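Participant: The residues making up each chain are set out below.
Protein chains: 2
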Amino acid sequence: MRATVYHGPQDVRVENVPDPKIEQPGDVVIRITHACICGSDLWFYRGVSKPQPGTRTGHELMGIVEQVGAAVHKIKKGDRVIAPFVISDGTCEFCRAGLFTSCLHGQSWGGDGNDAGQGEAARVPMADGTLIVVPAEVGDDQTMLKSLLPLTDVMGTGHHCALSAGVRAGSTVAVVGDGAVGLCGVLAARRLGAERIILLSSRDDRAAIGRQFGATDVVTGKGEEAINKLLAMTDGGAAAVMECVGSQETFDTAVAIARPGGTVGYVGVPAEKPSINIGRLFGENITLRGGVAPVRAYIPELMADILAGKIDPAPVLTMTVDINGVPAGYAAMDQRKAVKVMIRP
Amino acid sequence: MRATVYHGPQDVRVENVPDPKIEQPGDVVIRITHACICGSDLWFYRGVSKPQPGTRTGHELMGIVEQVGAAVHKIKKGDRVIAPFVISDGTCEFCRAGLFTSCLHGQSWGGDGNDAGQGEAARVPMADGTLIVVPAEVGDDQTMLKSLLPLTDVMGTGHHCALSAGVRAGSTVAVVGDGAVGLCGVLAARRLGAERIILLSSRDDRAAIGRQFGATDVVTGKGEEAINKLLAMTDGGAAAVMECVGSQETFDTAVAIARPGGTVGYVGVPAEKPSINIGRLFGENITLRGGVAPVRAYIPELMADILAGKIDPAPVLTMTVDINGVPAGYAAMDQRKAVKVMIRP
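Going down the list, the protein sequences come from chains A and B.
Taking the working numbering, the leading residue of the first sequence gets 1203, the next gets one more, and so forth.
Taking the working numbering, the leading residue of the second sequence gets 1203, the next gets one more, and so forth.
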């Protein structure tokens, strides 16, 4: 099969790799129908993180089950499934608590000898604990499938950020980051009943999606300029701030615009190891809560709302490529020509 | 009157300073009957923080009201009062929410032209918003007054740490720091119903107070050694960790021993600007919550429990000095010969 392989900064290639097959009785093999390029993939694409050359890429995938291991009980051949970005056993202490990302036997796509998402097929270890089945009535409805695809990561991650930030009915929320996660965070905050959602965005195309998703205000500019605008608009900061990037600049902004006693929810991969302004957190009792999103825990409730037409994260997928177009998709996201790229292998 | 003045690292002196008098209609003047030296005073004593030479020191004080400004309504001449370590108006948004430390008109002892705690008397600005009256029936009961004195800071700070860490009935808690705050944190965690309270302490005298306060286990050693012991004892970390120092080493330890999905509560002044291991917080969804404790908010409920004999933080006050003994008290705390020093001016 064809799959995407990392070779170095700015260098991902689509190559022939071995077809997946069942290796453990808990495995299934899926034909990948939809996948994504993630904003966090840009960390290695830009050389900030340095995986081993030869690592397979992609961690957001949906597909159809083609082979089923002997010990798999919940997943059947022919099921259409959503694979979240972490592989989990579904049975350990942390999985039972919904914290699938801290699974005691967790594995990663492209690591641990696994296939990854940006390819034509994948072996899925611990399939019962990892996959979520899409209701059969969705069938081959490509519009709906595109809407469900962000459940593999960004929609659940935005929701985790909103929950972490303590967003509730009536909240005033500031969202730092206008990538797919930030935009989905706006959608999640609106879904949770936030009254005022201020999106920091300086790009008209993204701000437009943000407004469509429920942003009531858009603040342009960066750094001090944006901070001062937001502090003025909120008379001293937002009680709930959502950090959706993970860079030094965005962390600094998020901490600066949090209201005393408020919370910074964060979900952006802190690949640059940003330093945290602990002095301000301490002085103003601002909570820092979040982390890698256990999106599997959120898929059932978010999928129900997508199927019911209550929310639709599809607009973050602004570009579609086939398997051979994956490198062009990376380049487009790197150059911010695309918010997020859908792959139809 | 006599009061303590900072001149430089290792150099605090008791000097003659002007007697306080009413300056604003919201002021009262108190004769200080009891005060403390705080672990956080060691930050300037050791040269980590650098106040202006000439700054008056001390922020934990109790006394008797001697003069009352015209606009003071809740405090009367002759009242025995507790002054928390922040001066607050009691009426702003944050004070109404109990976050007195973020008061929009907040002032500090020894700053803002104010007297400070380690002296014979003090003008108290915004007295109605700052002071708490001790019930008259306590009278001159010195045993009880010593038990109430930690409400000015360390008992409320330990309680804030426990609340911030999410301690509740049945919790497993790890307490990092065996100073007065850490020990009061043990007492607070027990009061909130924690089932297992593991205190990190390598000093027998402090560990003994910790056990008296409710620690079920004491872990000796520092750094990796202590971390590994605690991870083994808890099979992977404590859901609630209380960071009660503020140094790089203690922050590193606290983050390392938190269980995935758990919370690090912190109240130690981060004077050294410790860097936070954001990678672990992110990867394991560990919340960082806390800050400077709004102790005034906690004084009523904690005082009630002290008066009822349910808790008694007095054992943290292991040394008593008069006003001229304050420099010796600093030296004793610096050399860890005293846990915390009570001043009877």
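Derived from the structure by calculation, the hints contain no laboratory data.
These figures come from a predicted structure and were not determined experimentally.
Accuracy of the hints is not assured; some may be wrong.
Identical chains blur together in the list; that is why a pair holds if it fits in one copy or across any two.
Derived pair list, reagent style DMTMM-like, types lysine to aspartate or glutamate, alpha-carbon separation capped at 20 Å [unchecked claim]:
id	residue 1	residue 2
1	Lys1475	Glu1451
2	Lys1475	Asp1291
3	Lys1512	Asp1291
4	Lys1512	Glu1217
5	Lys1539	Asp1343
6	Lys1475	Asp1454
Participant: Are the hints correct? Go through all of them and say.
Facilitator: Verification of the hints:
no. : hint              : result
1   : Lys1475 x Glu1451 : both (11 Å within a copy, 18 Å between copies)
2   : Lys1475 x Asp1291 : neither (29 Å within a copy, 39 Å between copies)
3   : Lys1512 x Asp1291 : neither (31 Å within a copy, 46 Å between copies)
4   : Lys1512 x Glu1217 : neither (39 Å within a copy, 70 Å between copies)
5   : Lys1539 x Asp1343 : neither (27 Å within a copy, 74 Å between copies)
6   : Lys1475 x Asp1454 : both (12 Å within a copy, 15 Å between copies)
Consistency with the previously given hints fails for numbers 2, 3, 4 and 5, ordered from lowest to highest.
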